[in-house]
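Those letters in the sequence shown? Residues -23 to -1, 1 to 162, by mature numbering (1 follows the signal peptide of the UniProt record, and there is no 0).
Derived from the structure by calculation, the hints contain no laboratory data.
Yeah, the Cβ is synthetic: ideal placement off N, Cα and C, and Gly gets one too.
Please note that a few of the clues may not be correct.
[Said to hold, decoys possible] Simulated crosslink set (SDA-like; lysine to any residue; CA at most 25 Å straight-line):
hint, residue 1, residue 2
1, K37, E155
2, K37, E18
3, K90, P103
4, K90, G131
5, K41, K90
6, K39, V20
7, K90, A144
8, K41, P103
9, K41, E64
10, K90, R160
11, K41, A6
12, K14, E3
13, K90, P145
14, K14, A29
15, K90, G146
16, K90, S135
17, K90, R147
18, K41, G22
19, K90, L61
20, K90, S16
21, K14, L61
22, K90, A12
23, K37, G74
24, K41, S135
25, K39, E18
[Claimed, not checked] Cβ pair distances, simulated, as ranges:
hint, residue 1, residue 2, range
26, L156, R125, 20 to 26 Å
27, K37, R147, 21 to 27 Å
28, A144, L28, 31 to 37 Å
29, V143, E5, 31 to 37 Å
30, A144, K39, 16 to 22 Å
31, G36, Q142, 42 to 48 Å
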Amino acid sequence: MIAQRLRFALVATSLLTALTAHAQVEVEANAGLLAVKISEEIVPGDYEKLLAGLRANPGKHKRKVVLLDSIGGSAPEAIRMGRLLRETGFEALVPSGGLCQGSCIYLLTAGIKRTINGHVALRRPPFSAGDSALAQAAHGSQPFSPARYFRDMGVDVSLAEDIYQVAPGRLRLLSQDELVRYRLK
């Protein structure tokens, strides 16, 4: 009961504080570790921020980790970012106290290894094609296919369908069993 209230408070707080937020994409290299932190809302242009950050930190790194604490946002942008993270060999981490919701799930699934110490929540995108027409125009002719993306990332493709089963405007926190079933853990 306390855990449910805590989860609800965490989700409510993230929704209220994120109404005007834009993504923070930070890339830092230190002692053989290349860390990327993605927080707040994912918007068109974040792929370019991520790519620029990776190019600014070339070379071999013993470990590459993306830290996720995001309310989601542009699904096509998150998929582009996710493909880049996978191609460059990043692990994904939702830290304790962190929340990965909505399109953040595309970043989480990109990890070659996934560690979830915080919460993961499904949220149905507001547009059936995953994003507004304006945001989709920024991505050209790339088809939006969550199921194909999840398959490419080694995740259960039923996750794509289940996202659209969430009532509009609602969140569904994933249990530990669901994280395992979807192969997120």
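Cβ separation of V143 and E5, checked against the hinted range 31 to 37 Å: 34 Å, holds
Straight-line alpha-carbon gap K14 to L61, limit 25 Å: 14 Å, holds
25 Å Cα cutoff - pair K41, S135: Violated: K41 and S135 sit about 28 Å apart, past 25 Å.
Given hint P103 paired with K90 - CA-CA distance at most 25 Å: 29 Å, violated
Hint check for Q142 and G36 - Cβ pair distance inside 42 to 48 Å: 44 Å, holds
Restraint status (C-alpha distance of K41 to E64 at most 25 Å): With Cα atoms ~12 Å apart, K41 and E64 stay inside 25 Å; holds.
Restraint check for K37 with E155, where alpha carbons must lie at most 25 Å apart: 35 Å, violated
Distance restraint between K41 and A6, which requires alpha-carbon spacing of 25 Å or less: It holds: about 9 Å lies between the C-alpha atoms, which stays within 25 Å.
Pair hint K90 and S16, alpha-carbon separation not exceeding 25 Å: 19 Å, holds
Given pair status - R160, K90, alpha carbons within 25 Å: 11 Å, holds
Satisfaction of hint between A29 and K14, Cα-Cα up to 25 Å: 14 Å, holds
Satisfaction of hint between L61 and K90, Cα-Cα up to 25 Å: 15 Å, holds
Hints 1, 2, 3, 6, 7, 8, 13, 15, 17, 23, 24, 25, 27 and 30 from the list above are not met by this structure, while the remaining hints are.
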